[in-house]
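> We have chain A already, so just place chain B on it with the hints.
Protein chains in written order, with our numbering: chain A, 1 to 249; chain B, 1001 to 1123.
Calculated directly from the structure, the hints in this document are not laboratory data.
Since this is a predicted model, take the numbers as computed values, not measurements.
Take the hints with a grain of salt, since some may be wrong.
Stated by the list, open to error - Output of the computed footprint for chain A on chain B, the stretches with three or more beta carbons under 8 Å from beta carbons of chain A: (1) 1076-1084; (2) 1099-1107.
Stated by the list, open to error - Beta-carbon label-pair distances, calculated as ranges: (3) B:Ala1044 / A:Ala232: 49 to 59 Å; (4) A:Arg88 / B:Asp1096: 24 to 34 Å; (5) B:Gln1037 / A:Pro132: 36 to 46 Å; (6) A:Ser182 / B:Arg1034: 55 to 65 Å; (7) B:Ala1048 / A:Pro119: 51 to 61 Å; (8) A:Glu247 / B:Ala1048: 33 to 43 Å; (9) B:Ser1095 / A:Glu106: 30 to 40 Å; (10) A:Ala92 / B:Val1112: 36 to 46 Å; (11) B:Ala1048 / A:Ser152: 48 to 58 Å; (12) A:Pro113 / B:Ser1095: 30 to 40 Å; (13) B:Arg1029 / A:Glu247: 57 to 67 Å.
To be verified - Below, simulated SDA-like cross-link-like pairs (lysine to any residue); rule was C-alpha separation at most 25 Å, straight line: (14) A:Lys193 / B:Gln1108; (15) A:Lys193 / B:Arg1092; (16) A:Lys193 / A:Asn227; (17) A:Lys193 / B:Asp1097; (18) A:Lys193 / A:Ser173; (19) A:Lys193 / A:Glu237; (20) A:Lys193 / B:Asp1104; (21) A:Lys193 / B:Gly1093.
In this text, a Cβ means the ideal position worked out from N, Cα and C, and glycines have one as well.
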Amino acid sequence: MNTLRLLPLALCGLLALSPGTAAAQSSTDTSLGAVVDTRFPHADGPAVLAITPGGTAQTLGLRAGDRLLSVNGAPLRSQDNIATRLERALEAGGGSVRLEVLRAGERLELSGPMQAAVPASSGCGYVSDDDPTPVVSDGIHAVEITSIDGDSTPLDPQNRYRLSAGEHVLVVSEQIAGHHFSGRQNQLREQMKQRTLARAYKAIVVTVEPGVRYSVGARLLRDAMDNDDMRANAYWEPVVFKQRAQECR
Amino acid sequence: MNPDPIHEQLQSLPDLPPPDSLWPRLAQRQRRIRQRQQAGTVLAAAAAFAGVLFFAIPHADLSQQPVPALARTTPATRLQAVDHALQAAYARGASDDELAPLWDIRQQLASVELPSPAQGELP
Chain A
1 MNTLRLLPLA LCGLLALSPG TAAAQSSTDT SLGAVVDTRF PHADGPAVLA ITPGGTAQTL
61 GLRAGDRLLS VNGAPLRSQD NIATRLERAL EAGGGSVRLE VLRAGERLEL SGPMQAAVPA
121 SSGCGYVSDD DPTPVVSDGI HAVEITSIDG DSTPLDPQNR YRLSAGEHVL VVSEQIAGHH
181 FSGRQNQLRE QMKQRTLARA YKAIVVTVEP GVRYSVGARL LRDAMDNDDM RANAYWEPVV
241 FKQRAQECR
Chain B
1001 MNPDPIHEQL QSLPDLPPPD SLWPRLAQRQ RRIRQRQQAG TVLAAAAAFA GVLFFAIPHA
1061 DLSQQPVPAL ARTTPATRLQ AVDHALQAAY ARGASDDELA PLWDIRQQLA SVELPSPAQG
1121 ELP
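Extracted from the complex, chain A is given alone in its bound form (with noise of 0.2 Å):
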């Protein structure tokens, strides 16, 4: 089957899902190159998780474990908001930026240029989740896309979800049939997802190319169905599984 195209995560992995009309693009923080946890106030402010390589971040020398105590002279210590006073203090910065960060108890300045910003790919495409799976031929399932580039999904139904050209991160559950497993299978699968809830979920990066649709499916490893693998989520893994020509505005 030609249009057949199985994408396995562990091999080029990454087919990430970009956001088009459900998902917003991420905000200037990635321009940081930095994954900062802004969910809470925290007294030291907040911390710097993971750097991104080749960002400003790592040019400034910033690394994981940092607080970050304020940017471009704004504070972030015990601050609500601080996804959005991060936003504002990186724009503020008029293409340099100065931060000001607590490292094992020392605090230490660094600063410099902001990376230029990568253009855009124009054009768009889609990815899908309610198209036909070829369960018989290629042992394909159906999945649910849950979150496009770490916005959530609409809770309604999508035939497709547009994107912009590029490279996009799909977080899938799978929804594979009951039947597929034994009476055994079907319960340690169950028990696993009351324990582990969203953590059950995996996601696939897919680069979306101009005027093409992907399909997303879950692929069902029929080598790794035991026990142990049941318990573990390793029975299966998302795949773009059919990709075909759409025209996109």
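Then chain B, alone, in the frame of chain A:
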């Protein structure tokens, strides 16, 4: 039960020979039936052959149509996309459970494609 007198009378009538014109008419009728059967067989075979051709011959695959490639797609941009998604999720206050799949894929990407320790996340 008494036999029906009319039925008995009909049974007693002599068998009359059919007219000579009957046999050519019967033969013509049988030829028409055979011709219709043969035509139906040919049509069914043609339909079956067409069906086989439909599935056997490769169709124009839309997925094979050239699409413009994204020149800037690299392992680093994939990791950037994941970090982008992570930051958006933190910005909206996502739960640890929701964040876990994104951290999982980031770990996969970082370990496979970016062996340098510079991109390390929190231990």
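> What hint numbers does the structure not satisfy?
none
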